[in-house]
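Novice: Listed here are the chains, written in short residue letters.
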Amino acid sequence: KYIPPPPPPFLSINWFRTLLDTFLCCEAEFKAVLVSGRDPSQFSKPPLDRLIPDLLERAVKALDVCNAVSHGVELVRHWQKLGQIAAAALQQTPIGEGQVRRARKALATLLTSMVLDDKDNPHGKSAAAAKDRRGSFRSLSWSVAKSWSAAKQIQAMSTNLAAPRGAESTGLAMPIYIMSIILVFVMWALVAGVPCQERNGLATHLPVPKQLGWAQPMGGLLEKMGEEWKKKEKKGSGTGLLEEIQRMEKVAQSLIDFADSFVFPLEEEKAAEMAVQVAELAEICRKMEEGLVPLQQQVREVFHRMVRSRAEVLEVLEQVSKSSVPVPY
Amino acid sequence: MGDCNNASTESGMEEAEEELIAAAQRILKALESKKYLTEDARKILANLGLQLTNMTSLFAESRVIEVESNEEHNEIELQLNRISDKIMVWEKDESMIWDCGPDEAFEYLKAVEESRRLTEVLENRSPDSRNDDSTLLRRAHDLLQTGMNRLEDEFRHLLVQNRQPFEPEHMSFRSSEEDSMIEAGSVISSGDDSVDDVAAAAVHRDSMGRSSVDYVIELVNVDVIPDLKSIANLMFDSNYGRECSQVFANVQRDALDDCLFILEVEKLSIEEVVKMEWKLLNSKIRSWIRAMKLFVRVYLASEKTLAERIFEDLDSVGSVCFAESSKAAVLQLLNFCEAVAVGPHQPEKLMRILDMYEVLAGVIPDIAGLYSGEAGTCVTTECKDILKRLGECAKATFLEFKNTVASSVSTNPFPGGGVHPLTKYVMNYFKTLTDYTKTLDEVLRDEKDENTPREEEEEEEGPTGTQFRSFFDILETNLEVKSSLYKDEALRNLFLMNNIHYMAEKVRGSELRIVLGDEWIRKRNWKFQQHAMNYERATWSSILFLLKDEGIQNPGSNSISKTLLKERLQGFYAAFEEVYKNQSGWSIPDGRLRDDLHISTSLKVIQAYRTFVGRHINHISEKHIKYSADDLEDLLLDLFEGSQKSLHGGHRK
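In the order they appear, the protein sequences are chains V and C.
Position 228 (the first sequence) corresponds to 228 in full-length UniProt numbering; numbering is contiguous.
Position 334 (the second sequence) corresponds to 334 in full-length UniProt numbering; numbering is contiguous.
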């Protein structure tokens, strides 16, 4: 008897990978609905003459979000490497001051990078301080334009999103609306999950129509994640909701405390405690090692897919709007 | 309780030993008196003898080992004390060791290497050596970590302090001609002047696809490379390779970021690029093209060499570090391509997109050569994807332009019947496009227009030729439609004559001739000449009728009626003046064509007039001759100048 594997833990790397897989399926279905088998001349008439350009613009914004998220994952990979240094050092037996200091150094760099909130712009006032604390990897995180803000981007993507009513709700307006909501939610989730530039003021309410049946699970997720987000914002943490990051932050903090209070020789009890933490850190790093690169590849796949779909829709649009405005001569 | 056991074991052992000694003494005694031994006995005793020898030598050995172990332990401890001083003294010192001179650096390295060696020695010592070995081991690791920590900082310091400034202006193959080409090529106006600039500059354009030899510069002062190498080797030997790689990757990533900044490559979001106004985007693309070639062929190549030199003794570390540090910069450059490919398909963009396509296609082999393994496949695949998208964008832009031309609708006829701005734009556009025929062949493949009838010479033609033909057919069709707006048939034909002549001349006088072939030109020549003839007929046929000899006789006789003659002449003059009034405002922009028509008209009309007047001069009074043939000849020259004149009232005599 087949027993399906348990669902991945909420907000873990695998959870996000599942989310992206689901998104890709929805996108494929949506494109089929939009592009094939429909009368393309509808595209130049209301309401599609407004909805489709909106959709295309939203897609472009989403491309930038994907890029920011890719960079964010890169930063997390960097954290993973620091974690691996610390774990390897602390797994030496017998443990001595040398290994503990080594681990502490890696953990301190890690935590500093995590705790810095993401409005710490590399070219801003605190640039010098940030550079010292981060240990000169400024260009690692923010490879996007200085003025770009993930929070503002999500905000912009959520405008003009109203459920079609009455006569409009037949035809293509509804699928476009549904897909747009899905897109905004997924982008929001990614931005909340991994470190991205400038997430201050990230909205925790999106125009998800909770009264509509299909949107309820999404609404529930949004609420749950929104709560988590608000909690983290209060603590001033610049990491993200990704489960592995959260766990890493906790375990790194506790290991640093351990390192600060380390005295040789280590009591058996303390040693056992520490071993548990170190094992957890090693496991988190292992999960990251396995999952982060595939996650990046998936984000890239989402990017490519949106580019392609957008190009196809544009092609249809260009054919349809053949009748151009007449010129005087 | 344990003690008790020990005591009983000990006394047990003592007892057993006493028994052994007693047995041995008995054997000795027995041997003293024995003269003869059986075979068996001898064997047993020999065995015993052997066993005894082994035992004693083993015992002796372990005694030696123990002594040696103690000696070694003490030696190690002494060593640790010595190097501890050497290492710890720097912990209080703020200055960088490598700034203090090669001797200091060498001593420090030696000390740290020694601590590493000692950890190895201590770890390999036999497990039942002294307990306080572990203390020494701890100390050794402690020293090692201190050393590694310090070396990390020194490594970073050396890399940063010895960076050579990157000055792209001094790069020898950056040609200013290239810049002027791109400048001129960005403006495709309707005027022929700027088009000549484009043509001239286009000749200078180098084949950007050509892959030149990588030009490696010294990114870091070559004097410190051996130091960096020594530190890296030691760190890796000591199992601190991760820390070393990270420092290198971080520092170099920043350096590459700076490089892009110097090359004026901005961090733009895709949205910004998509919304950017063309003039600004054009200059950004210029920067990108310049940057891309320099960056890949010079800077990246140099980065790789640097990594390989520093990590020379360490297998694949160099290429891994290089991949890590350069990833972000390469992605940033590629992202700009993506953004341009995603943008709107305005026709003026096509040349720039093709430029980017060619540059990217040109550097892909270089990139493939710089990266190996998985990182290599990843980056190269990414590049090829983006190249494909650029190609698709180029094709879409081209087809969109075709679309625009096909559906361009005018409400009024073009005043003056001259060359339509659309014709000029399209022909100049395509003249510039001939620079890109090879790339266009790649990009336009599989999009053969099924609607154009294929003639013989098109069989071997590439997609470019087919597309160009098809495009010009569409232009011609569009011009025909535009010409139907003219109510006046003469003007309609003049318009078509002008435009088709323009097209033919443009093709004949440029590389388009190679693309389209002489047959195409011949056909267009024939066409515009047809229109010229139609124009003449439409203008002059009815007027020339007036200069015929039939019908000027008096009814019923053969004599010429003076009245009818006068009427004829007056009719002729009126019609001529009408033509003059209208057609002086018409335009034939091409000088030679204008001359041709003047001559042709003169031959037809003026000659007929001259003959007519000459023949009937006896029947015409001078006052009825308004214009001499020469006068008319002169007036004809006013035709097609594009400025309307009138002859009412004034005439020359």
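Simulated from the structure, these hints should not be mistaken for laboratory data.
Among the hints, a few may not be true.
In the DSBU-like style, the derived pairs of lysine-lysine whose C-alpha atoms are separated by at most 30 angstroms in a straight line are [as the list claims (entries may be wrong)]:
| id | chain 1 | residue 1 | chain 2 | residue 2 |
| --- | --- | --- | --- | --- |
| 1 | C | K604 | C | K548 |
| 2 | V | K81 | C | K229 |
| 3 | V | K31 | C | K384 |
| 4 | C | K110 | V | K152 |
| 5 | V | K81 | C | K267 |
| 6 | C | K431 | C | K523 |
| 7 | C | K110 | C | K279 |
| 8 | V | K152 | C | K506 |
| 9 | V | K45 | C | K645 |
| 10 | C | K229 | C | K279 |
| 11 | V | K81 | C | K110 |
| 12 | C | K402 | V | K31 |
| 13 | V | K152 | C | K267 |
| 14 | V | K152 | V | K231 |
| 15 | C | K604 | V | K146 |
| 16 | C | K293 | V | K146 |
| 17 | C | K327 | V | K287 |
| 18 | V | K45 | C | K562 |
| 19 | C | K327 | C | K275 |
| 20 | C | K548 | V | K152 |
| 21 | C | K506 | C | K527 |
| 22 | C | K604 | C | K487 |
| 23 | V | K81 | C | K523 |
| 24 | V | K31 | C | K388 |
| 25 | C | K388 | C | K284 |
| 26 | V | K146 | C | K279 |
| 27 | V | K146 | C | K327 |
Novice: For the pair supplied as a hint, C:K548 and V:K152, confirm whether the alpha-carbon distance does not exceed 30 angstroms.
Specialist: Not satisfied, since the Cα-Cα distance of roughly 84 angstroms exceeds 30 angstroms.
Novice: Does the structure keep C:K293 and V:K146 at a Cα separation of 30 angstroms or less?
Specialist: Given pair C:K293, V:K146 holds - Cα atoms ~25 angstroms apart, limit 30 angstroms.
Novice: Straight-line Cα separation of V:K45 and C:K562 no greater than 30 angstroms?
Specialist: This hinted pair is violated, its Cα atoms lying about 72 angstroms apart.
Novice: Between V:K81 and C:K523, does the CA-CA distance stay at or below 30 angstroms?
Specialist: Violated, at roughly 71 angstroms.
Novice: For the pair supplied as a hint, V:K152 and V:K231, is the alpha-carbon distance within the 30 angstroms limit?
Specialist: With Cα atoms ~20 angstroms apart, V:K152 and V:K231 stay inside 30 angstroms; holds.
Novice: Are the Cα atoms of C:K431 and C:K523 separated by 30 angstroms or less?
Specialist: Holds, at roughly 19 angstroms.
Novice: Has the given pair, C:K388 with C:K284, been kept, meaning a C-alpha gap of at most 30 angstroms?
Specialist: With Cα atoms ~21 angstroms apart, C:K388 and C:K284 stay inside 30 angstroms; holds.
Novice: Check whether the Cα positions of V:K152 and C:K506 lie no farther apart than 30 angstroms.
Specialist: Violated. V:K152 to C:K506 sits at ~51 angstroms, over the 30 angstroms cutoff.
Novice: Given the proposed pairing of V:K45 with C:K645, does the C-alpha separation stay at or below 30 angstroms?
Specialist: violated, 50 angstroms
Novice: Would you mind confirming whether the straight-line C-alpha gap from C:K402 to V:K31 stays at or under 30 angstroms?
Specialist: Distance ~27 angstroms between C:K402 and V:K31 Cα, so the pair holds.
Novice: Has the given pair, V:K31 with C:K388, been kept, meaning a C-alpha gap of at most 30 angstroms?
Specialist: holds, 21 angstroms
Novice: Would the hint linking C:K604 and V:K146 be met if the CA-CA limit is 30 angstroms?
Specialist: Between C:K604 and V:K146 the Cα gap is close to 74 angstroms, so the pair fails against 30 angstroms, i.e. violated.
Hints 4, 7, 8, 9, 10, 15, 18, 20, 23 from the list above are not met by this structure, while the remaining hints are.
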